[in-house]
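> Sequence:
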Amino acid sequence: MQKQVIAKNAEAGYKTALKIEQQAKEAGISLDKDAMRRLEKIKSRYIEAAKKAEFQKFQSDQAHKTNKQKAEAFRSGATAAAKKQ
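My numbering runs 1 ahead of the 1-based position in the sequence shown.
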């Protein structure tokens with residue numbers, strides 16, 4: 002759950018940074034090098050956080066799937082052993 006919140010916050014921050022950049026372009030304002038650098042740092046942090054959250058979710062899903070398969074194999078093995086007796 003916490004990972005989803007982090008990903009949502011990252012997405013919202015990234016969209017805000019893109020919106021600021023777009024508004025500056027539309028208004029004909031050119032951001033100085035420092036402002037652009039800060040904006041790029043913000044965007045890259047949010048992109049990185051979103052990628053990490055997505056990867057952690059993938060790992061969690063894979064672990065869940067593996068555990069489910071192990072449990073099914075155990076149950077089917079236990080059932081087969083019970084049938085033999």
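Worth flagging that the hints you see were computed from the coordinates, not collected in a lab.
Worth double-checking, as some hints may not be accurate.
Across the chosen pairs, the derived CB separations fall in these ranges [said to hold, decoys possible]: (1) Lys69 with Leu40: 39 to 45 Å; (2) Lys20 with Glu55: 19 to 25 Å; (3) Lys16 with Arg38: 15 to 21 Å; (4) Lys42 with Ala64: 29 to 35 Å; (5) Ala74 with Glu41: 24 to 30 Å; (6) Ala28 with Lys52: 45 to 51 Å; (7) Asn68 with Gly29: 53 to 59 Å; (8) Gly78 with Arg39: 45 to 51 Å; (9) Gly78 with Glu55: 30 to 36 Å; (10) Phe75 with Lys52: 30 to 36 Å; (11) Ser77 with Ser45: 32 to 38 Å; (12) Ser31 with Lys69: 53 to 59 Å; (13) Ser61 with Ala13: 18 to 24 Å; (14) Lys42 with Gln70: 39 to 45 Å.
What you are looking at is a predicted structure, and each value in this text was computed from that prediction instead of being measured.
Beta carbons are placed, not taken as given, at the ideal position from N, Cα and C, and that holds for glycine.
> Which numbered conditions among the earlier hints are violated in the structure presented, ordered from lowest to highest?
5, 6, 8, 11
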